[in-house]
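Based on these hints, arrange chain B with the ligands on the given structure of chain A.
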Amino acid sequence: MMKTDWMFEPDSRHFVLEDYEAALARWCPGCGDHAVLNAVQKLCRDEQLPPEQTVMVSGIGCSSRFPHYMKTYGFHGLHGRALPVACGVRSRRPELNIFVSTGDGDCCSIGTAHWIHALRYNMNMVVMMFDNRVYGLTKNQTSPTSPKGESSNTHPQGAFLSPLNPISVCLSITNASFVAQTVDWNPVHLYETIRAGFEHQGLAFIRIFQRCPHFTDHAFKEFKDEPEKVLLMTHERGIPVNDTVKRVFTNSMQHDPADIDQAHKLARRDDVLPIGLFLRNDQSERYDEYTKRGVNMSNGEKLSALNRELDRFAI
Amino acid sequence: MTERPHLELISDYESAWQAFVSKADPNQSEPHMAAPVFDLLRSRTFDSLVWLKLDQEPRYGVFAKWLAHMVQQPGFQILTTRCDTVQRVAMNVVHQHNGSLPMNQVLEHVAEALRMQLELSEPGQKRLEEEFQHLHDATPAGATLYGAHPAASEKMILMLIRAARVDAYSSFRPRIAALISALENIVAAHHLASPESRNTVSIEKNLGQLGSNLIDAQKLSSATSHVSSSLPIQDSRRVRIENALSDLRDLLDAGLGQAEKIHVLTSQVKDQATDSAVISIHPEPVRQAKHVFDEAVAYTVRCLKAIRCAELEMSDGYKSEHDARLASMTWSSCRAGERFLIPAVLVVASEAELRREQLGMFLECVAAGLPLRWLVRQSMDDKSVVEGQDLGILAASHRTPYVCRTSLGRPEMIAQTTTQVALNLEPVIWIVAHAEHEHSDIAFSMTEAAIWGRLTPLYTYDPSCGSDWASRLDISRNPVPELEWPLIPNPAGESAPLTAADVLQSFRSGSQMLDPDWNEDLLVPVVHFEEKARQIPYTWMVGPDRQRLRSVVTSDVIQIGTDRLHHWHQLQELTGYRNRHAQAAAERARTEARIEFAAQALELQAQIDAAEEIGARKAMTRLARVLLDVDLNEPVMFEKAKPLVTLQEPQQNVMDATAEQEEKAPLPAELELDDDAFIDTPLCTSCHECIGVNALMFQYDDNKQAYLADAAAGTYADLVKAAEKCPAKCIHPGAPRPGDKTATEAVVARAAPFR
Ligand SMILES: Cc1ncc(C[n+]2csc(CCOP(=O)(O)OP(=O)(O)O)c2C)c(N)n1
Ligand code: SF4
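Here the protein sequences come in this chain order: A and B. Residues 1 to 315 (our numbering) are what the first sequence spells out, left to right. Residues 316 to 1070 (our numbering) are what the second sequence spells out, left to right.
Next up, chain A with everything else stripped away, as it sits in the complex (with noise of 0.2 Å):
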């Protein structure tokens, strides 16, 4: 006989896409971040995440507009500042979802000492680098990502050195543990990448191709309308293909995500763009682990803490 009564359920609140919804996104239409956003909210709605225990942080830019449109917390930071304030988040509120939004500008340009850190501190939080390859807030000037002899408001005449390899700065930085690339306009892999990424525990980095209508409409065109130039990696420890990321994307390799070198050589292939997991390492420490120390303290434990402290410079 079941007898339990369920009314009082405190799990009864059931979170739907509305609840994750907040201001209407105001990036062109056609923007591949709405794609991003829309599969965030949904990876939220999936895995039921109260919204009051989820933070978006974001630096500057287009992308960084994220935290705005999410009925969560949200942070929108100093340029390129994304990442210390997510970790700084982490490092004392341990029980939050941390999601960033960064661009490639953002990330790849004024943010790279922090973002070489923050991948080295693995500190449990999901990463969305945005890379449209230009800065879009500002109206189009050349951004690290920028192909060589692409032409912006900075370089009339072209970009004149070839583009930073976000992958393979990633792979290279010591105890990186989940770095990932996936593209805005297949929303089953964007959504399957984000939620390896959520489900990961450390610093997950993906890095999204997103579309600009505006200033870069052109950059990915090529892998949109042939869609066999991008590379699908698929393991069994990667991320999840169902048949509709297969029926786009028929060009596809096994990459099992623990081959470094394999990696690296994937990174650097510039005749087709690859999507899946590129590295995950489960072993990788983390910092997080020892910034929540003490999170626990009262106030009383944390006012004769810093009366201990005081008194060792009394006279």
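The hints are simulated quantities; they were obtained by calculation from the structure and are not laboratory data. Heads up, a few of these hints could be off.
[Said to hold, decoys possible] Under the rule of at most 20 Å between Cα atoms (straight-line distance), these lysine to aspartate or glutamate pairs were calculated in the DMTMM-like manner:
no. : chain 1 : residue 1 : chain 2 : residue 2
1   : B       : K1044     : A       : D225
2   : B       : K534      : B       : D550
3   : B       : K1019     : A       : D46
4   : B       : K1019     : A       : E21
5   : B       : K576      : B       : D562
6   : B       : K1019     : A       : E47
7   : A       : K221      : B       : E1039
8   : B       : K605      : B       : E679
9   : B       : K634      : A       : D19
10  : B       : K1044     : A       : E226
11  : B       : K1056     : B       : D1025
12  : A       : K71       : A       : E21
13  : B       : K1040     : A       : D217
14  : A       : K246      : A       : E236
15  : B       : K1019     : A       : E18
Then chain B with the ligands, alone, in the frame of chain A:
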């Protein structure tokens, strides 16, 4: 531990019988142990008579046969050979002490008895001492032996229920503590935000001496009200939280007591030593039980309310409608981990007592689903056994309770079921049969015999096992449950059914014995007795001189036996061992199968005949050819002419054939253009492009991905424009709808790449 031992019995029978006759006690004049099967059963019963509670892990799992098992381990010699004596003495001692005794005391008694009995030499005595020391060392501290005494089942049930409740409490305790600290945090946060915390004095206190020197508390006080971001807590919420807190704190202290407390209600004066249970003696224990439960459950409900309230507050989920829900909450809202909170009330009553005055009240409690525990003792002398009353099935017909009908000869069944249902939210009823006899071993042989003779069948009725009788009722613990009667070798050496009448007859003293030279034609074994045949039914007994004699079975025993069989049939029917409809269906299916089989056999025979004929003709033709020297590779005339081919050829043929087919094949359907417009929704990136084109035509679904809401809400040109804009290329415009003026040649051409 289901026994299916009729084979085992047959193989053991002869030696057991011999042993019994040779060890016969000359002082025992009455042929109580008449049916020889009892002696056999007695040896079986001995195994399970003495059992054990272990205070260590696994605490409640190991009972039966421990002592017998121990003394047969390597390292024991004297005790191994005296295993029987060890058990018998232990059992009697335990029996004299109302069914249970600490193990170390039992061992002292056994040692004493053996010393007296064995008259050992000095080295022998030393050896015996060593073996006992060894046994002491192997015995877990605090172990208690339970015998199959009527009081033992009660002690056992109490002990196991208490253990389960205390375990449940221990695992729940951290949860209570966590709820308390969560509520305290809420209150503390409120305190921080309260006006008092902003006054100068308390700010100074918080800043400490050092801080006060640096910061002006007065100024801070006037600034704090503006910077404080916490909203003060509402009064009603504060009161609610404080009430819950006080109840939870109380529970933290009193929870163990609540878990340990068991109310025992009985009308009989009892041995007051029964652990720490609260015992009430009352002439109407059933009415009293309901009263006690109702009173005690108020505390349960208060605790449950406090827990729910704390959980809701903790997750900030308390809404105004919860007030009413909490107010109407009852004990049945108890979740699995909280069941130690439900008051434990055990009614101990005799079957007769319940059946007579208190039946209505008993059934009322059962039907209401009150989680009371009932230990119903059924004495074998009781009329209920004879009259075939079955309170268990009566209760089970209310569908709510868990029922276990068992006997003292099966202590492991009591132990197992108690562990299983100790925390159930349903009523639990144990009906435990026992026999009264001055010799406890005979009493227990009688309980066992009553099981074998289907006088007191064993069963459990478990409402959690399914929705039908067959799944809920389990009679598999009875000997050979699929048969009417178990088969037992009789003294004449034949395997014969052991009926209820056989067993009942053996319980009776003074029945009429027949001389061995009685006319056989007038006699019939009780199982074959038919009233109209005018024969005298008999069963085998042992006479005063240990000789085997037939004893006359009287008509009342025959009647009871028939009724027991009907009762057993009922149980078999309810459990599906016997089902008239199924039997009829099976018989029908068998007949049909037989007919079909016969038809098939006929057909087969005809085929065989035909094949034989063809074969014969083939053989004859070949023979003729061989004789006439004709090429054997040529096909035989009456086979369909098939060209003989080499191995490579067919592959080529196949390829040619498919190539040909492909040329001619029409375009597969999928390759034809789609006529209907659609969106491949899983691929939609939610980019708003199509919505921007026509928000009526394109809409988002629950996943915020676009679908074609209404193709008629816009023009074909809209569709094509959206398809061109869609970054995921997932809009397929299909063919223009008839009459759509925007579907110019140019637009249709633009649509082509997306179709
Ligand atoms: C310290 C500082 N320097 C420069 C800027 C100007 N600025 C705003 S956004 C931006 C580039 C953002 O590019 P990206 O991170 O790629 O984001 P997108 O807009 O492309 O999504 C720059 C340089 C700033 N806000 N702060
Ligand atoms: S244009 Fe395509 S991707 Fe964008 S919302 Fe419409 S269907 Fe979805």
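Results for each hint:
| no. | hint | in the structure |
| --- | --- | --- |
| 1 | B:K1044 / A:D225 | 9 Å, holds |
| 2 | B:K534 / B:D550 | 29 Å, violated |
| 3 | B:K1019 / A:D46 | 13 Å, holds |
| 4 | B:K1019 / A:E21 | 11 Å, holds |
| 5 | B:K576 / B:D562 | 19 Å, holds |
| 6 | B:K1019 / A:E47 | 17 Å, holds |
| 7 | A:K221 / B:E1039 | 13 Å, holds |
| 8 | B:K605 / B:E679 | 10 Å, holds |
| 9 | B:K634 / A:D19 | 18 Å, holds |
| 10 | B:K1044 / A:E226 | 12 Å, holds |
| 11 | B:K1056 / B:D1025 | 18 Å, holds |
| 12 | A:K71 / A:E21 | 5 Å, holds |
| 13 | B:K1040 / A:D217 | 11 Å, holds |
| 14 | A:K246 / A:E236 | 15 Å, holds |
| 15 | B:K1019 / A:E18 | 10 Å, holds |
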